[in-house]
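From first to last, the protein sequence lines stand for chains X and Z.
Read left to right, the first sequence gives residues 1 to 450 (the numbering used here).
Read left to right, the second sequence gives residues 1 to 450 (the numbering used here).
Hints in this document: simulated from the structure, not taken from any laboratory.
Computed footprint of chain Z on chain X; a stretch qualifies when at least three of its residues, placed anywhere within it, have a C-beta under 8 Å from a C-beta of chain Z:
hint, region
1, 187–198
2, 223–232
3, 258–269
4, 282–288
When the alpha-carbon atoms are kept at most 35 Å apart in a straight line, the in silico DSBU-like pairs for lysine-lysine are as follows:
hint, chain 1, residue 1, chain 2, residue 2
5, Z, Lys224, X, Lys224
6, Z, Lys188, X, Lys141
7, X, Lys344, Z, Lys278
8, X, Lys352, Z, Lys26
One side of the interface only, derived from the structure: several residues of chain Z facing chain X at Cβ under 8 Å:
hint, residue
9, Asp6
10, Ile190
11, Lys224
12, Val276
13, Leu284
14, Leu291
15, Ile312
16, Thr315
17, Gln331
Here the structure is a predicted model, which is why all the values come from computation and not from measurement.
Virtual Cβ for every residue (Gly too), placed ideally from N, Cα, C.
Number of protein chains: 2
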Amino acid sequence: MIPKLDILLNATRKLIRKDASANLIKMVAKLHPADTAELLKHLNPSERIYLFDLLTDKEEIAKIFGELDVMTRTEMLEHMNDRSISDLLMEMPHEDVADIIGEMSEEVAQKILGSMGSAYSQEIEKLLKYEKDTAGGIMTKDFFALSEDITVQKAIDQLRAAEHVETIFYIYVVDRQQKLVGVVSLRKLIISSLNSTLKQIMTTDVIYVKAFEDQEDVARIVEKYNILAVPVVDRFNKLVGIITVDDVIDVIREEATEDIYMMAGTSSEELFERSVWKITSLRLPWLMISLVGETCSGLIMKFYHGTIQSVIAVTFFIPMIMALGGNVGNQSQTIVVRGLGIGKIIEEDMWKILFKQLQIGLAMGVIAGGSVAAISLLIQTNYMLCFVVGFSLLISITLSGSMGVLTPFLLKKLNIDPAVAAGPFISNFNDVTGIFIYLGLVTFLLYYIK
Amino acid sequence: MIPKLDILLNATRKLIRKDASANLIKMVAKLHPADTAELLKHLNPSERIYLFDLLTDKEEIAKIFGELDVMTRTEMLEHMNDRSISDLLMEMPHEDVADIIGEMSEEVAQKILGSMGSAYSQEIEKLLKYEKDTAGGIMTKDFFALSEDITVQKAIDQLRAAEHVETIFYIYVVDRQQKLVGVVSLRKLIISSLNSTLKQIMTTDVIYVKAFEDQEDVARIVEKYNILAVPVVDRFNKLVGIITVDDVIDVIREEATEDIYMMAGTSSEELFERSVWKITSLRLPWLMISLVGETCSGLIMKFYHGTIQSVIAVTFFIPMIMALGGNVGNQSQTIVVRGLGIGKIIEEDMWKILFKQLQIGLAMGVIAGGSVAAISLLIQTNYMLCFVVGFSLLISITLSGSMGVLTPFLLKKLNIDPAVAAGPFISNFNDVTGIFIYLGLVTFLLYYIK
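Construct the entire structure; sequences and hints are all you get.
This is how it looks when you write it as structure tokens:
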């Protein structure tokens, strides 16, 4: 019943190659719009256009468009003329239209909006005013609100009439000023007497969000209180939209992806970008930070070149110091960044976590330092160096473990996204301090003690 | 209306310090169970016990328990006697009870189950048979199913009687063998004539999952088709449970966290673990891989010690080669691992992505290599070396960019979780090959050409 994408993809490609458009139309007609969207996304551009041109039902195309990713959607739009774009948009929910218009160039957007009738385009422009990452930016206007004075019987009649509202889980109850005063679940409606007013049966303790709230906070609220939709109100407590749980799921996925990309030193914009140069420029700042950081590492080595010259073997352990310190630092900062990101860790937890990660770092340091001291005997025979390598490893692992905890908390206090810290910035810091501690110790011990 | 955790935490601590239990009871009584659970989690152990002992309403405690994380829950349970544990569990939904029992030692679990009455404990044992990460492992038995022959009027009567079923969005329709044959939304029920049978108004094209399906696949289905709950059937198509969207959100969060931790070379088990030694042992395998990998790096350097001896400055660039190669490799593998993880990338996309990442790697390599060649003049004055550094950087960046794409796809083909690849394993590979290419090139150019 749920088609497998790879099978679907192969079947589609075969039909396209045979130019069997009638069969293809029949096949696609049976698909859920989400499946057609996924299929379109994974076809190559010419196949995509071929399939897209076969679709004729405007309502169906609108549904497919609602499921497409930005990159594919943009490509399809470029293939269409302005007239068919505005026809298509008229079939879509307002918030999707606002998203699509928001991605267009100012000029194209104005032209499309102009062709849509002023009442409609005003609606869209109102939505466009909300920041993309806020409650207002992701909400739908497709909600079902009724006055508190009407009866259950009347509510049911209204529900019957409201065929255009796609998904209804709750009826929101508003007063005369359109202010949100309560909520009634459909189940409650069904089991209540037909003569009660909504005011009598509604829950007044409604969980709601403000239109300017960050989408991540909205997601956390929906997740925490296990609700299916959260109403959005403006400054005056007037109900302006709702956010449904499926949009929340998208936010959660997006935010996780963004964090993961940021930690790796790139941006999730990379997903929506086809141009190699644009992607390169997204990553370049991080590469440059690494470049500067590692130039420092190089300068430190240059500073200690006397030590290196007299005992070449000293350099053999530099990769190990860098990699193992980076490893542990990366682990502890990942724990903290993700914990802060999903709200499992709060600022008050810092010392507790630092203390724990310090212990872990110390344990890892002792084990790694000990093993390396032993292994280093395999690579060379200077006993003193074996000891120094082991000891420096212990210190640098413990240190980068602690830095991995402190940096994200510090960034959070400075209102910078902690996911940034987990990127190349911290690992450079580890490299520089690790090499400095190691070479400093070697120099001190080999020259002043021996 | 939605309390801020840090304010709540401070207020609670103040009241505990003053031993103002009456005020504390009053404050907590006003909280949503999810907020009380969060509060408990962030208190320290003694405060936690203090607050917990103040809670007396069994039903309320059960709700709070349903929201607690495993670590805190286990701590609370250790504080309770067997009698109060089974009393508490009887108030909770079956699937939560199965989760909690599943986390207990065999011995304790048997004792608790024994005290619960055989009908009840058989129900729980049935749930315990499903693997934790499957549809059966996360489903709830708390669903609402009716026979296809009954009328809308009768369905509404049944709905009125079913007060124990917590959340109802859909009515599942089954035949005489309890096989799933359709679904009716509450809205459809409300707007249909009271005399129609469910069979007449139901949707027969139901999206469902099998009990043994992986929870990640279930999450992807719910997400893709924007549904609020998905029915779960056994081998014989009999309806055995449903999975609601709030459980799906938990799965999505969990899986993202797991991927993030794995990429950093640890495990999300770390979240549920208090013992420093256990956490160290979770991370140790990755540390050991690094240790072995970087020993290879050291051995390669030892092999080329003649080159290093004659031009010490050669070593100054090793940190740069390692860091920049690792950087780019990490970026491209993150894109692929996350893409595969959320189903945005499928195996068929490999060559397309490889080609794109190759271009990006080449662009980054040219820029980084060029800059480094320039910067290296600052550190030393050997022109030939500057060229070699830049050129090696170009090659190693391009190479690790490609490896970052290929490894996850390869692991996926071998049925290994690609998130593993993004961990220390790949970065070691980058270090070893990067150093080998660099020192090999230096040796070749400086000795055989010059």
